[in-house]
Structures are given as structure tokens and as C-alpha cells.
Amino acid sequence: MIAWRFIITDFYQLHYDTELPPFDEARAYSIYARTLERYTTLVMATAHKIRAIIHARERSGASHPQRLLNRYNRTIGPLFSLDASGTLSMSNHMAKRLDIARLGHVGKNVRILTTDE
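Following my numbering, the numbering of the sequence shown begins with -12 at its first residue and continues without gaps.
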């Protein structure tokens, strides 16, 4: 869904702006990079919300939201994972994808999982 938004936007611009170059490899790469950046940002924002839920439940003495963590991990895995304390980690493969797209700054505060974890 995220990529479609960028694809439609670019095709719309090409259709109405005659001075733009045709859809080429550079535009495709731009869509890929924007999609990776947006997905990583969404995952980080949702992880922040879940961390807030975990801390609120700890303060109130309620049970740990393991079901919420499991459901979210199924959604973001295998590229990302969230541990019981709410710490977000990304796979080594995702870190390489961000570096290739020159987006290493996007996930700079996210722990990178090693292969043995």
C-alpha cells in the first residue's frame, strides 16, 4: 500500500507535467527509497506507541501485553522485531537495504539483530 501511493503520485506528475523525464530507473529507485523510508518510520512510530502501552501497564500493575507484542511481531517480521521490553530491532538484511538506499539515518536508533539472536 505504501508503494502504490508513491507510484500513483509519480505517474500523475508525469501525466500532467510534460517537462518531466519519462519513468525510468531513477524514478523507480526513488519510489523504492521513499517506500523503505516510510515503512521504517511507520514501524518505529508504532513501536513507540507499544512501548508507551507497556510502560503504562507496568505503572498500573496490569499484565504484560504479550498478545499485542506477538500480533505486532507477526506484522513487522522478519524485517523488524519487538522484544518484551518494547525495544525495536531490525534484521541485518533490512539494515543493508536501508544502507543501499542511502537511508541509514532513518533507522540509526534501531538495534540491528545479529544472525545468532
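Incorrect hints may have been included.
[Unchecked claim] Now the in silico label distances, taken between C-beta atoms and shown as ranges: (1) Gly48 / Tyr19: 24 to 32 Å; (2) His51 / Tyr19: 34 to 42 Å; (3) Leu90 / Arg46: 28 to 36 Å.
[As the list claims (entries may be wrong)] Within a straight-line C-alpha distance of at most 27 Å, the following computed DSSO-like cross-link-like pairs (lysine-lysine) qualify: (4) Lys83 / Lys36; (5) Lys36 / Lys95; (6) Lys95 / Lys83.
Note that these hints are calculated values from the structure, not bench results.
Glycine included, each C-beta is placed from N, C-alpha and C at the ideal position.
Now for the hints, and whether the structure bears them out:
no., hint, verdict
1, Gly48 / Tyr19: 24 to 32 Å, "violated, 46 Å"
2, His51 / Tyr19: 34 to 42 Å, "holds, 37 Å"
3, Leu90 / Arg46: 28 to 36 Å, "holds, 35 Å"
4, Lys83 / Lys36, "holds, 26 Å"
5, Lys36 / Lys95, "holds, 19 Å"
6, Lys95 / Lys83, "holds, 12 Å"
The structure shown violates just one earlier hint, number 1.
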